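**Student:** Working from the sequences, and respecting the hints, build out all of it.
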Amino acid sequence: MAKTNFQYEKRQRELEKKRKAEEKARRKQDTKRDGQADAPSGQEGGDPQQEAAPQDAA
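Just so we're aligned, residue 5 is where the sequence shown starts under the working numbering, counting upward by one.
Rather than coming from a laboratory, the hints here were simulated on the basis of the structure. Source: prediction; values computed, not measured. Quick reminder that beta carbons are idealized off the backbone N, C-alpha and C, glycines included. Treat the hints with caution; some may be incorrect.
Think about it this way: if two alpha-carbon atoms lie no more than 25 Å apart in a straight line, the pair counts; the simulated PhoX-like pairs of lysine-lysine are [stated by the list, open to error]: (1) Lys22 to Lys32; (2) Lys28 to Lys14; (3) Lys14 to Lys24; (4) Lys22 to Lys36; (5) Lys21 to Lys32; (6) Lys24 to Lys36; (7) Lys36 to Lys21.
Cβ pair distances, simulated, as ranges [unchecked claim]: (8) Asp38 to Gln16: 31 to 37 Å; (9) Gln33 to Met5: 44 to 50 Å; (10) Ala41 to Arg15: 37 to 43 Å; (11) Arg37 to Asn9: 30 to 36 Å; (12) Thr35 to Lys14: 27 to 33 Å.
**Tutor:** Quick look at the structure:
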């Protein structure tokens with residue numbers, strides 16, 4: 005009876021995990037890039053309290 009090549013199977017599992025991790029990282033990066041492109045310029049990273057302050061003074 006033939007023996008199972010466990011090293012080959014393990015390597016295939018590792019490659020599959022690596023491929024999935026890279027795909028997930030790529031999707032995350034695409035989502036992050038899309039989110040920044042959709043945000044209006046000038047409001048990115050702004051403090052909401054600072055934006056509300058000029059309206060309160062009027």
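**Student:** For every hint, state whether the structure bears it out.
**Tutor:** Against the structure, the hints:
1. Lys22 to Lys32: holds, 15 Å
2. Lys28 to Lys14: holds, 21 Å
3. Lys14 to Lys24: holds, 15 Å
4. Lys22 to Lys36: holds, 21 Å
5. Lys21 to Lys32: holds, 16 Å
6. Lys24 to Lys36: holds, 18 Å
7. Lys36 to Lys21: holds, 22 Å
8. Asp38 to Gln16: 31 to 37 Å: Roughly 33 Å apart at Cβ, these two residues keep to the hinted range, so it holds.
9. Gln33 to Met5: 44 to 50 Å: Given a distance of about 47 Å, which is inside 44 to 50 Å, the answer is holds.
10. Ala41 to Arg15: 37 to 43 Å: Between Ala41 and Arg15, where Cβ atoms are some 39 Å apart, the hint holds.
11. Arg37 to Asn9: 30 to 36 Å: Roughly 41 Å apart at Cβ, these two residues miss the hinted range, so it is violated.
12. Thr35 to Lys14: 27 to 33 Å: At 32 Å between Cβs, range holds.
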